[in-house]
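*Asks:* Here is how the chains run, residue by residue.
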Amino acid sequence: KAGVTQTPRYLIKTRGQQVTLSCSPISGHRSVSWYQQTPGQGLQFLFEYFSETQRNKGNFPGRFSGRQFSNSRSEMNVSTLELGDSALYLCASSLDGNRNQPQHFGDGTRLSIL
Amino acid sequence: AQTVTQSQPEMSVQEAETVTLSCTYDTSESDYYLFWYKQPPSRQMILVIRQEAYKQQNATENRFSVNFQKAAKSFSLKISDSQLGDAAMYFCAYKNDYKLSFGAGTTVTVRA
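If you're matching them up, the sequences are chains A and B in order.
Counting from 1, one number per residue, gives the positions in the first sequence under my numbering.
Counting from 115, one number per residue, gives the positions in the second sequence under my numbering.
Only chain A is shown next, with the shape it has when bound in the complex:
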């Protein structure tokens, strides 16, 4: 069974631009979560999608948004990029997001802001 696939693997953008990251979950998984990983803040929860609906959201500004499609694939968008948005963005999937289910992670997208 294929794992979680994130594209692209690397991105370089400049301040003020916007970016879209993509995540394809494990087949059959309907819950997709996004995390931001930085050296200073560690791993922080961004949001979780299930059945095309955002169910939960972390403490991030509105510049961070996402969506989920009917095939459970998810995209994350960051608008008006800031230097502090440079990070590794990780996507994780699980069957339906219940607490007893581990989340399976992709390789991440490394976003660098110049």
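Since the hints were made in silico from the structure, they are not lab data.
Only true hints are included.
SDA-like, lysine to any residue: derived pairs with alpha carbons at most 25 angstroms apart:
hint	chain 1	residue 1	chain 2	residue 2
1	B	Lys184	A	Gln101
2	B	Lys187	A	Arg99
3	A	Lys57	B	Gln158
Take the given structure of chain A and dock chain B to it, following the hints.
*Replies:* Just chain B now, with coordinates in the frame of chain A:
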């Protein structure tokens, strides 16, 4: 809000020896799950082991085992017979209904 604390930024272990990574957490819930994830330089987060809070028996997965002390809110990971491939950053994580809360991580170095 749940907080997860890993007090050891770095640990070094000789190949074939044992190393224990500590983790404490804070929660007011009684039903939750705890996980250890490994992140090698390739950066993919890999699930190592999980523990259900309502189970007293400590989880074991091959060379990896945990010492779960619910009253003390402690969840340590023991890596036995350490191998060079175990070198990575290890994250302790707490899961409630929908999200994982991670500790800051412990970098494990394995000496040949």
